[in-house]
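*Asks:* Sequence order for the protein chains is A and B. Under this note's numbering, think of the first position of the first sequence as 1, with each following residue one higher. Under this note's numbering, think of the first position of the second sequence as 1001, with each following residue one higher.
Some hints could be false.
Calculated cross-link-like contacts (lysine to aspartate or glutamate; reagent style EDC-like; alpha-carbon spacing at most 20 Å) [to be verified]:
#  : chain 1 : residue 1 : chain 2 : residue 2
1  : B       : 1107      : B       : 1083
2  : B       : 1312      : B       : 1336
3  : A       : 250       : A       : 164
4  : A       : 245       : B       : 1376
5  : B       : 1251      : A       : 187
6  : B       : 1443      : A       : 187
7  : B       : 1377      : B       : 1454
8  : B       : 1251      : A       : 122
9  : B       : 1458      : B       : 1234
10 : B       : 1365      : B       : 1386
11 : B       : 1443      : B       : 1453
12 : B       : 1362      : B       : 1325
13 : B       : 1223      : B       : 1238
14 : A       : 224       : B       : 1325
15 : B       : 1432      : B       : 1165
16 : B       : 1388      : B       : 1372
17 : B       : 1251      : A       : 60
18 : B       : 1135      : B       : 1157
The set of hints was computed from the structure by calculation and includes no laboratory data.
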Amino acid sequence: MTSSLLFNITTFTYLISMLAFFAFLASQNKSLGLAGSFTAYAGLAVQTVAIGLRWKESYDLGVGHAPMSNLYESIVFFSWTIVLLFAYIDIRYKYRIVGAFVVPFALLGMAWAQLGMSTGIEPLVPALQSNWLLYHVITCFLGYAAFAVACGISIMYLIKTAVEATDSSAQAGGLMSMFPPLKVLDDLNYRAIMIGFPLLTLGIITGAAWANYAWGTYWSWDPKETWSLIVWFVYAAFLHARITKGWVGKRAAWLSVIGFAATIFCYLGVNLFLSGLHSYGGGK
Amino acid sequence: MHVVLQLTLYSSLEIPLATTERNFINSVWDFFCSLKLTLSLLISLALTSIIGTVLPQGALPPEYVAQISQSKLQIYSKLGFFDMYHSWWFITLLYVFSINLVSCSIKRLPHVFKFISEPTLVLGEGLRNSFPLKKELLFSGSIEKGKERLVEFLSKEFSTPVVTEHNGDYHLFAQKTAWCRLGVYVVHLSILVIFIGAIIGSLVGYKGFVSIVEGTSVNVFQKHNGQQMPLGFELLCEKFNVEFYANGAPKEFRSTLTVLENGKPVPGYSQVKVIVNEPLTYKGITFYQSNYGQASNSSNYLFSVRQRENGKTEQIALRPDTQTDLPDGRTATIVDLTDNPGEGMVAVVGVKEKGGEPRYFKVFKNNPTLDEMRGDKLIFAFIGTDAKMYTGLQVANDPGVWVVWLGCTLMVIGIGVAFFMSHKRVWVVVSKGQAHIYGNANKNQAAFQMQFEDISEKFQHLKI
């Protein structure tokens, strides 16, 4: 049993989960929703074991380190945190349908990682040999995952408002009745960002602390740093607009989508298109 | 600002001067307090920050200068785009942002303090109807007894209430974590503290760079602006090593450093290992492993040369541009040296007969027996060079960094309070024969609702 095999199983399981959720959307058959959730949980369990196993395998290779050191490993971890947050929403708030809009993000990540990237375990370059790696990556990625969930929920919100605007009968029954009420979606979006924003803040601070420790400068306007600050500004604007100017509903949903687009650019765009201190995370 | 000015000028046509001035000050104040300004600043900072991630910053690479048109280059550098995070307009944005933060906080803080120190003790009819969380209790005892019993109840289940008599009714007010309304202002303050830390760093601190050749010491370093600055002590580089993983990736860059005062090693600062992520700090100055290279002085390349016939081996030092005699009468020189990760050091050696053409071959340091396969009378093994390495160290002294960390800590605490705690309030209005309980939280209503339901459930089953 290797971690690589388990990651393939994980990807496949998320695919099944997503298809079950889509079937759930189309048929409104509750047992399909249950199947979607359970396959997602099974995938999460397998992926957890796989990440642990990869960690152990790195020690067997004599280059032991937490599996968060390159783009492949970070994408895998990102997918894991997304499904983890979905599980939280499913269990805590009982809105299973959110899975149809969140699990695809996790599947997309896993599929890209498994098919498009080199999966080998690599030794840590000197810059990454620090405990800060763990704190920094975990806080950042939990934050990113929360924003991904918020984005998925916002997309649901935008679809629901669009459908209800054109077809008033949709309110009574049909596909849209499966979606949580608009008010709930709006609230969930806000809650997800309330989780993501503090984590992103911690991620930026741990990054600054590490940079200061390793290079003697806590902030050097490196593209990654700058983009994380841009994301921070966008969500800070979201929170201020919401709390003090009552920006809820459609406008909040759009801001959340824009925020996640900036997040994705911060995460992937910077590594793939710009150069800087995080270039070891570049695609292979 | 333009709009504000115009409005004020226009109104000055009809209003006396003193009022105009006051109006002007008020408009400026309102401008800096406005949330529209906050949002515009956040969005402007986000959008303009993108420029510096797309255009090169600092010293421009020649390739970039070659591919961009001259007019663009001029416009961009006029606008400060090549050092945009230090350009006047970006710094101005940050200052306006700070003023906005301070003004908003000054404007709102008194209200918040008032809210905390002078809570609504008496719940009017209007407010009572606005709360979704309420429950009713009917009781047969006297109103006095009801009041006492309910004060006791609230103290036990929630927190000690303040009792106010109003129109013959008793209003009991209890609250929890009222101070958490200040959380958001702690976050605002933390941003200012971080800015102050950054300003201290840029005014008092310094950053620079020093390279030290193995076996030598320095007592000055070069600041980023090119100035030489004395360290106040000597720093000796004893040794520099690079290690690679089997796949060729670098594993460790290690400088062995010793601090010297008056030429003598300082106890505890002798033979210190400095690697990336493990800097050395002495007298407030920190040295960070940054880069390395080969010091460019002429050097000897050492080979062990074995005669195939009799196995006699001797060590020979070759030098570039110099012919060195070999045991069999030929001469040799070194013409090239490469050092690639994974391959290791490779020397290209040229051997020639007197008056003949040289024959070139490679000698791999990592594979000492390979040269046997060449079949020559002499078998070369490359021992290494006596070339000295130099280590490149970042030098930093930033007294503002602790202020920055203080700001970061405040920010984490402030966000924790502002995001995850709420000001919870409970009122009980006791009238003759009946009492009503009302609850409200400024955030996270869902969590408070569960707590309130728990309390009001017990409330309804009280026997008075």
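*Asks:* All hints are to be evaluated individually against the structure, with a verdict given for each.
*Replies:* Do the hints match the structure? See the list:
1. 1107(B) - 1083(B): With Cα atoms ~35 Å apart, residue 1107(B) and residue 1083(B) exceed 20 Å; violated.
2. 1312(B) - 1336(B): violated (26 Å)
3. 250(A) - 164(A): holds (13 Å)
4. 245(A) - 1376(B): Answer violated: residue 245(A) to residue 1376(B) is near 86 Å, above 20 Å.
5. 1251(B) - 187(A): violated (48 Å)
6. 1443(B) - 187(A): holds (12 Å)
7. 1377(B) - 1454(B): Not OK: residue 1377(B) and residue 1454(B) at ~96 Å, beyond 20 Å, violated.
8. 1251(B) - 122(A): Measuring from Cα to Cα gives roughly 11 Å; hence the hint holds.
9. 1458(B) - 1234(B): violated (75 Å)
10. 1365(B) - 1386(B): Satisfied, since the Cα-Cα distance of roughly 14 Å is no more than 20 Å.
11. 1443(B) - 1453(B): Holds, because 16 Å separates the two Cα atoms, which is no more than 20 Å.
12. 1362(B) - 1325(B): holds (19 Å)
13. 1223(B) - 1238(B): Roughly 23 Å separates the two Cα atoms, so the pair is violated.
14. 224(A) - 1325(B): With a Cα-Cα distance of about 57 Å, the restraint between residue 224(A) and residue 1325(B) is violated, given a limit of 20 Å.
15. 1432(B) - 1165(B): Measuring from Cα to Cα gives roughly 13 Å; hence the hint holds.
16. 1388(B) - 1372(B): Violated, at roughly 29 Å.
17. 1251(B) - 60(A): Measuring from Cα to Cα gives roughly 17 Å; hence the hint holds.
18. 1135(B) - 1157(B): holds (15 Å)
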